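Chemist: Using the supplied hints, reconstruct the complex from the two chains, each of which is provided in its own coordinate frame.
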Amino acid sequence: MVALDAVRLSGDRDAQARNAMLALSVALLLTAGLSLSHGASEVSLGSLLHVLVSGQAMADQDRLILWEIRLPRMLTGVLVGASLAVAGAVMQGLFRNPLADPGLVGVGAGAGLGAVLAIVLGGLAPVWITQAMGYHLVPLAAFFGGWVSTLLLYRVATRSGRTSVATMLLAGIALGALAGAATGVLVYIADDRQLRDLTFWGLGSLGGASWPKVLAAGPVMALALLAAPFLARGLNGLALGEAAAHHIGLPVQRVKAVAILTVAAATGAAVAVSGGIGFIGIVVPHLLRLATGPDHRFLLVNAGLAGATLLLLADLIARSIITPAELPIGIVTATLGAPVFLWILLRRRGLVDL
Amino acid sequence: MLSAKDIRVSLGKTPVLHGISAEALPGEVTVIVGPNGSGKTTLLRALTGDVPFAGQVQLNGKDCARLRPWELAAVRGVLPQASVMAFPFTVAEVVRLGLTAAAHAGRADLVPRALAAVDMEGFSARLYQELSGGQQARVQLARVLVQVWEPVVDGVPRWLFLDEPVASLDIAHQLGVVQLMRAFARRGGGVVAVLHDLNLTAMVADRVWLMDQGRLTGQGRVAEVLTDAALERAYGCPLRVGRLPPQGGWFALPQAAGAA
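Chains A and B, in that order, are what the protein sequence lines are.
Heads up: the first sequence runs through residues 21 to 374, numbered per this note's numbering.
Heads up: the second sequence runs through residues 405 to 664, numbered per this note's numbering.
For reference, chain B alone in the conformation it holds in the complex (with noise of 0.2 Å):
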């Protein structure tokens, strides 16, 4: 289990998350929304300890503050918003750098594997710089996929932290990349993702967290939090949520103002 106590985040002197306390449970996808400077990618920086925070966050039972670079690095991989890559490394060399410090370091065969699982098999030998950004954030997303490959390992569940998966991606590697975080949670891995479509979340999680200026205003599954309400508070624009008649699939539909 992900539990996060009374999470505090302040930048200079303005306070920025306001004593957040949340839970995440293994075998589910977590979602975090809300508006644009809300604070979810803060929350999820300070979920991975990328921000200086107060407050405690305990990974499986253990708190995080505790743990070594490579014990944590053994029970969740972490994938940025941006990533930066200096040098010319080839597509397969960046994605090895994900078993740096792996138990499995030597599963050099996990590398076409997790290419293959973002579409990107053939692209192996392709120097990183020259992809276009959506390719690389799928490469990036192979790096850390080949980091915690195996959801559970010794009945422990392992982690994946997405900050914002498919901002640079078409719609077909959107689906894609919902059914990879999918599949590990059916395995029995954590994901913990920040996505800005409504409807991309309804689709892939379990459980979700509403923020709304850096405080959390809602968790629960999809129908409890994302209502009608809830979200024109959140977003200050008005937006109808529906069920679409064959499985009834949610979706948020915004009205524009002047729309019939």
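Pulled out of the complex, with its shape left as it was, chain A reads as follows (with noise of 0.2 Å):
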């Protein structure tokens, strides 16, 4: 062991990553089973793996909560949780800056523009449209409000490939600003039932979860989780700066290209199923960084076990807390995750270009 870690140069953490993407998937898995067997009623997770392994049937009240109530909103929660963060990691990677999150800059907004424009207007759109479209509008809304804005957020902070944190922070305020602005208008125009609607996803929830939601705007996330692991030669490189990356050989363009689509799309659907939930997207890479170091190759997975670990916690806590009532989970995590992030603003005090 001694002299295998001898062997080994020192300085390279991949072992650590390695270790650590093992420790959340067992994590996760833990979170996950303990999500379908905690709620009002109790479906102990003895029961559950016994009629896993027995394949005996369970009762049909028991059935039907897990199969209609417990396992959209637990996968919903996964895939939620994995796309804040990997979003996260991806879009801290392309500003090279670890307090890039969607959340913050305005991609968000923008997506939840997105969306309220779709749940507002989608009733104005021809029939075949939305016929055609189902519960995939929202999501999809919600991706091309997400897509633009990092667009513009990436043209506007980013001039001859260095990308200026201070005008990426400024310029997000006012795209969150703008979102905000466009998105009052429509509350103000909407009906009492898109109102409902509105409120619940506002918040930040993953109460109102079921089957058609998981179907529309899981593949979504689903593609973009999967793109992200390609990104990561492209975002170690460009840790360098542009100029560098493309000297060691990277298609700076497309990876930007991929970047920012993936962000989107991860944002995009994430914040079309369960509203606004902040910080998972930079209270994660941040945590995962300080362990086990930047490289993306590990990050970006990492990120995403963790984050879905971490937002089915936030679930637990939420439908505990105040039962029979559930808390909207984007409370939950503001509340553990704004500290966090004033934290990492104390440490790099000064470094910060502001």
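Keep in mind that the hints were calculated from the coordinates and are not lab data.
Just so you know, these numbers come straight off a predicted model, no measurement behind them.
This list has only true hints and no planted wrong ones.
Derived contacts from chain B toward chain A, CB cut-off under 10 Å, selection only:
no.: 1; residue: Asp-454
no.: 2; residue: Glu-475
no.: 3; residue: Leu-476
no.: 4; residue: Val-482
no.: 5; residue: Arg-500
no.: 6; residue: Thr-504
no.: 7; residue: Pro-516
no.: 8; residue: Phe-527
no.: 9; residue: Gln-544
no.: 10; residue: Phe-565
For glycine and all other residues, C-beta sits at the position ideal for the given N, C-alpha and C.
Modeler: In structure tokens, the structure reads:
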């Protein structure tokens, strides 16, 4: 063991990152089990395993709760948590800054505007469109909103290959405000049913999870999650700056385009199904970088695993803290995430070019 | 061979390079010298495609504009003047980035060897951002070195483009980098570097390009190009060149006004 470690180049954290991957996978499995078994009607982990192993039929009521309520909710939590964390990691890699988070710099707001547009004005679209799109309309609109705002942000904040953090954050505020204003107009003209829809996801919640929603937004998120690992080499290279990334042989323009699409798809779909869940995208990658380093070959996968785990845990807190009611999950993640964000700022004081 | 044909660069409406044509050979160290603002770095950046330019740059007989990034990276390494690094990568991880798209990407053994070449062994586990400016510059050089480790592959020379590689280094490490450049050229590779120090230039250069106000005012051997008159004209201050007795080493001595 010692000899092996001596052979490995010091400063190479690959092994650490691989161990973390294993540990996070186990954690996610455990949390997913907990998420399935925990709730107003208790289905113990033991009986869940028993059913899985023996293939024995469950009580109808238990099966209904598991299949129709908890499983889609758990899957939504996994996909949304992973998407938010991975979108954060990709965006931070693209902007070469740990403070770039889709939720903070207006991409979430842009995606939200897209979703609100679809919810409120979707009825005005020709019937054949709404029928063809069905549940896909809202996630797709959110994706386009996220894509436009990511593109806009990148164009504004990047000049001759260098991205200014100050410009990025300020442009993010402006974009967010603009999207907020437009969303406000739409809320103003929305009818009562639409208002209820809007309020539900404005606060962020997994409460509305259902199979149709999982099937509509899931593939978009899954696609983004599958694309992300292919960005790893490119994002590692981009840490050197765009020019140097080009000189080590990377197709920089393609990396940037795929990164922007990935962020938009992951953020857009996540926002569409679960609303404004903040801070997962900034806290998860940051903690992982501290633990195992910034190498995106591991960071992106680990962020997905940790983001999913964290969101399931936050959801468990959200639905057990004031039972039988449940707290919107966005409140939980913000309460836990905002202090971590402040802590990042304090640690980096003097390093941010503001 | 590196050949530049009629390179023109403008920043906004201001022309910065006025049609420069020059050649550099593999097996040689070519050094670009000239006063501040003469266009040295801009010329190097045009040669590496980092600024938009008119004209043509050919490397080993191929038009650089037509090569894909990974094809270019296989034959040349580029060290920019200043390197910023986002995120807390360790020194070993930064150097390994040089292998990203290389055909020899699996040669992790080159990382410690390149670090030793720039006198940074023992630093591989340190965080890059915690190093001094000079140490960071040496780590970046090691990253470029692993990318084009063998100066010649299948008979095709590789190239190093270095923008002020010694700018933040102490005298001992300046000499170390000069030796690396010489060794790379001696083994058949091509080196094109921007340097400020005329004496260091004379020590390392097989060929000099003297820049003045966006024009190439001389190219050739050190003794041919760097003459008293040419240097005074370019730098606008009195300079005397001479030779030191033992091996006849070339030197340039600035003549301070008022000094004897």
